[in-house]
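Chemist: Below, each chain spelled out in residue letters.
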Amino acid sequence: MRQEHEIICAGFGGQGVLSMGSIIAYSGMIEGKEVSWMPSYGPEMRGGTANCIVIVADDRISSPIITKFDSAIVLNQPSLDKFEKAVKPGGLLLYEQSTIIHPPTREDIDVVCVPAIEEADKLKAKQVANMIMVGAFLEKRPIVKIETIVSALKKALPEHRHHLIPVNELALKRGKELVHLNEKITA
Amino acid sequence: MEEKKNKTSEAKLMKGNEALAEAAIRADIDGYFGYPITPQSEVLEYLEREIPKRHGLVLQAESEIASINMIYGAAGAGARVMTSSSGPGISLMQEGLSYIASAQLPCLVVNVVRGGPGLGTIQPSQGDYFQAVKGGGHGDYHLIVLAPASVQEMADFVFEGFRLAEKYRNPAMILTDGALGQMMEKVIQPEEGSLPKIKTPWATTGKTKDRDHNIITSLFIKPEEMESVNLQLQEKYRKIEKDEVRFEEIKTEDADILLVAFGLSSRICQKTVDLGREKGIKIGLLRPITLYPYPYKRLNELADQVDFMMSVEMNAGQMVEDVKLAVEGKVPVHFTGRMGGMIPSPDDVLHEIESILDNQNVLQD
Amino acid sequence: MSIERPSTLDFPPDAEGMEMVYCRPDTLTDTPFHYCPGCGHSVVHRVLMEVVEELGLQEKTIGVAPVGCSVFAYHYMNIDMQEAAHGRASAVATGIKRVLPDRYVFSYQGDGDLAAIGTAETIHTVNRGENILMVFINNGIYGMTGGQMAPTSLPGQVTTTSPYGRDVKMVGHPIRIADLLIQLPGAYYVTRQAVHNPNAVRKLKKAFEKSFQYQKEGKGTCFVEVVSNCPSGWRMTPVESIKYLEDTMFPAYPLGDLKVPEKV
Ligand SMILES: Cc1ncc(C[n+]2csc(CCOP(=O)(O)OP(=O)(O)O)c2C)c(N)n1
Ligand code: SF4
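Residue numbers (the working numbering), protein chains in the order written: chain A, 1 to 187; chain B, 1 to 365; chain C, 1 to 264.
Chain A extracted, bound-state conformation (with noise of 0.2 Å):
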C-alpha cells in the first residue's frame, strides 16, 4: 500500500524546526522517496513562531499543505496549542518537556514527551535538541533510517561545520533511548 507520511515541526524561530523539517526531508529523498518541505515565511519568523510542514510519500505528493497530521514535533506553547487538535485520530505528538506549561490532553493520540533541552545541555551543546527530537521521532516512526540522517547531514552541512556531526549523531541516539526512559515512567 501507498505509504505517506505528513508532519508538522514547529516551535520559535532559532530552536532549528526548520533545519529539523529539512533533515527529515533531506533523509526521505536520500531513501528515494518524494519529499515535500513547506516552512512557514515571513516576519513572524524573527524571534516569533515558526514551522514546517514535511511529507514523506512513496509517490507523487498531492498538496505540500494540508491542515491534518500524522505526526507533530512541537517545541514551545503557542505550537502545542495550535497543532494539538491538528493530530489525526491515532496519529503521534511529540513534545518538549521544559518549553511546555500546559500539557496535551488528547487521548486519542500517541503523546510523548522528551526532556531534549534538558539533555542537550547535557551533552553541551544546546543546539541538538532539535535532533535528539528527530532521534525520538524516528523511534517511534521509521519513516526513514537514523544513518540516513548521519549522511544526509553530512551532505547538508558544509565542511567546516563537520566536526559538529558526531554530536548530532549521539543526540539521535539519545532521542531514541528517551522515548523508552519515558514510556517507563508512563507506563
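In short, the hints are calculated from the structure, not lab data. Bear in mind that the values here come from a model prediction, so they are computed numbers and not experimental data. Hints should not be assumed to be uniformly reliable.
Stated by the list, open to error - Calculated cross-link-like contacts (lysine-lysine; reagent style BS3-like; alpha-carbon spacing at most 30 Å): (1) A:Lys154 x B:Lys12; (2) B:Lys251 x A:Lys88; (3) A:Lys68 x B:Lys271; (4) A:Lys82 x B:Lys271; (5) B:Lys12 x A:Lys85; (6) A:Lys173 x B:Lys12.
Claimed, not checked - Label pairs and their calculated CB-CB ranges: (7) B:Lys207 x A:Gly32: 33 to 43 Å; (8) C:Arg235 x A:Lys124: 22 to 32 Å; (9) B:Asp254 x A:Ser98: 34 to 44 Å; (10) B:His213 x C:Val168: 51 to 61 Å; (11) A:Ile165 x C:Lys203: 28 to 38 Å; (12) A:Gly13 x C:Asp26: 17 to 27 Å; (13) A:Lys124 x C:Pro37: 21 to 31 Å.
Unchecked claim - To list a few chain A residues with every Cβ distance to chain B over 12 Å, as calculated: (14) Phe12; (15) Gly14; (16) Tyr26; (17) Lys82; (18) Thr105; (19) Lys140.
Quick reminder that beta carbons are idealized off the backbone N, C-alpha and C, glycines included.
Following the hints, put chains B and C with the ligands in place on chain A, whose structure we already have.
Modeler: Using the frame of chain A, we list chains B and C with the ligands on its own:
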C-alpha cells in the same frame, strides 16, 4: 533526453526560488537584473552567490522600473535575459513589459505572487492572474504565461519560458507564488547548456556594412503602421493559441465533477480529488499549465461530460472567468478560493463540492 | 525639559510619593516596537515624537511611512499618518502638504526607499523646496527584506546580495545622497546625525526642533539623515553594531550639518 538529464545532474532538495535561479544559470542566461522583494529575494541572492563562480551577469538594480528597462536594453541587444519580482515590483514593470511586447523582444519575467492589492502581505497568492494574462500594461498585447505547480517545474519552466519567448520573440512570464518559491522538493535540474542560443539578426549589436541599421522601438506614430504591427502581433498570438496550449488532466476520464486550478491550487485540488474519490464522488482535475494561451477547447469538450466545474484559486475569482468563457454556458461553473495570502485546504474544497451536491439533491427532491 | 503631564501609561500603583521623571510621550501609542533589539529606528521614532509633543503639534502633524522596517511607523506614532509605496514617501508628503499647507508634514524613509527606488522623488521633492521635513535613516542595508545591499552599503561590505563584498566596479560607490541634495536651492537645512549615544540623541532632537521651526516659517525642505545601525542585517550584536558605526560608518558618512540657513 530524460536519460541524459539523469546522467548530468542528480536529484537535489531545493527551494523553488533557488531551483529557478539554478535553472537560469543552466539555461545560459547572459544577464539577470533584479531588485529585492519578499518572497523571491532568494533568486537574486542565489545568482549573486553563484554567477561570479560560473558564467553570466547579475546586477542589482535600483528599482524594478530600472530592472525591466535593463531587460529591454539587453534583450534588444540580443542577450538572453530575465528578471524576477513579486506583485508590487511587477506592477512597476508593466510599462516596460508593454514596450517589450511591442518591440517584440524575448525575455523571461518571473512573478512570485504575494497577497495584494497594494503592499499587501508576503504570503502566497494568485491574485495577479488578471494582470499576467489580460495584458497588465497598456495596449493590445499578451505575455506567454506558464504556471508551475512544483519545484521541479520552477526549474523546467525557465527553459520552457525561454524556448517559447525566443521562438515567438515575445516576453514570457512564470506566474508562481510565495509558497512554491519557499518550499523545498526534489529537483532534477535541466542539463546545463541544453538550450541553444537563437540567432538575433534584428538585435542592436552595431551596424555592419552588410546590413541596414537595426532599430528596437515600440513607436509607430502613423496609425496605419501601428495597425499593421498590431495585426502582426495578433497573428502571432493566434499561432501561439493554436500551438502552445499546455495542460494536465488528473482522473478526468470518468469524472462527474471537474476542478480547474493552476499552480499551488492545483496541488491542493489533487488531494481533494483523492479525498472525494474515497467518498465515492468522482472528481477530476484540469490544470492549465499555460495560462496564456488558455486551454479553452479542452474545457469546452469536458463540459459535455461533467455535471459542473469549479475553479479553485487563491484570489477572489479571476481564472473562473476564462472557465466560463470556455464552457459557453453548457454546465454551471462554480468558484471557491481564499484571498489575501490565505490558502484553501483540500478539505475546504471538498466541503464546497459537497454543499453544491447537497443543494442539487434538495432541488431534485 | 521637565515633564509636566503624567502619561497615559498608568503610573504603577505603588509609585505614590515618587516623582515622574521619564515617561512615554502621548505622541507614541502603547504598541510595543517590533524592531530588533538595539535597532536605531525605535530611538529615532521616540525623539521625533518627543519633539512633536513638546512643540504641541500632535494635532497638526502628518507623517508618511515608507516601505522598509519602519513600514509600521504608523502603529507607534500617535499622529495621523499615511503609508506610501516603496520609495514614494516624499511625493506622498508633497501631496499632503500642498493641500494642507498649514500642517506640519514629514516623511520617514530608509536608504533603499529614499536613495534607490525613490531617488527621483527625493531629488525632485527637494528641488521644489517642498516645505516638509524628510527623515532619512541610513543603515547601509535593506533591513526589512533580510539584509540585501543598499545604495549606501560600504565598499567591500558583505550582504546577502554582495556575498563577496560590495564591488564598486560592478555596482558603484555608496551614494551620499545628502551631499547631492545640498546642491539644490530648494534644500534649506541638511544635516547628518546619529543615535548611537545620548549626546548624539540630543543633537538629533535639536535638528528636528529646528526643522519644525523652519517648516513653520515656510523655508523649504529640511533633510535630516540619521546614520543608524541594523544589527540583524549586519549580523552583529547591538554592541558590535555601535562599534561598527563609530569605526566604519561615520568615517564614510561624517556627522554634522551639511547645509545651514544663511545668516541674514
Ligand atoms: C516596488 C517594491 N519593490 C520592492 C519591495 C520590497 N522591499 C520592501 S522594504 C525594501 C527595502 C528596505 O530597505 P530600507 O529602505 O533601507 O529600509 P530598512 O528596512 O533598512 O529600514 C524592499 C526592497 C517593495 N515593497 N516594493
Ligand atoms: S532588520 Fe535592521 S533595520 Fe530592521 S528592525 Fe532589525 S535591526 Fe532594525
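Chemist: Against the structure shown, which of the earlier numbered hints fail to hold, in ascending order?
Modeler: Numbers 5, 7, 9, 10, 11, 12, 16 - these are the hints that the structure violates, sorted from lowest upward.
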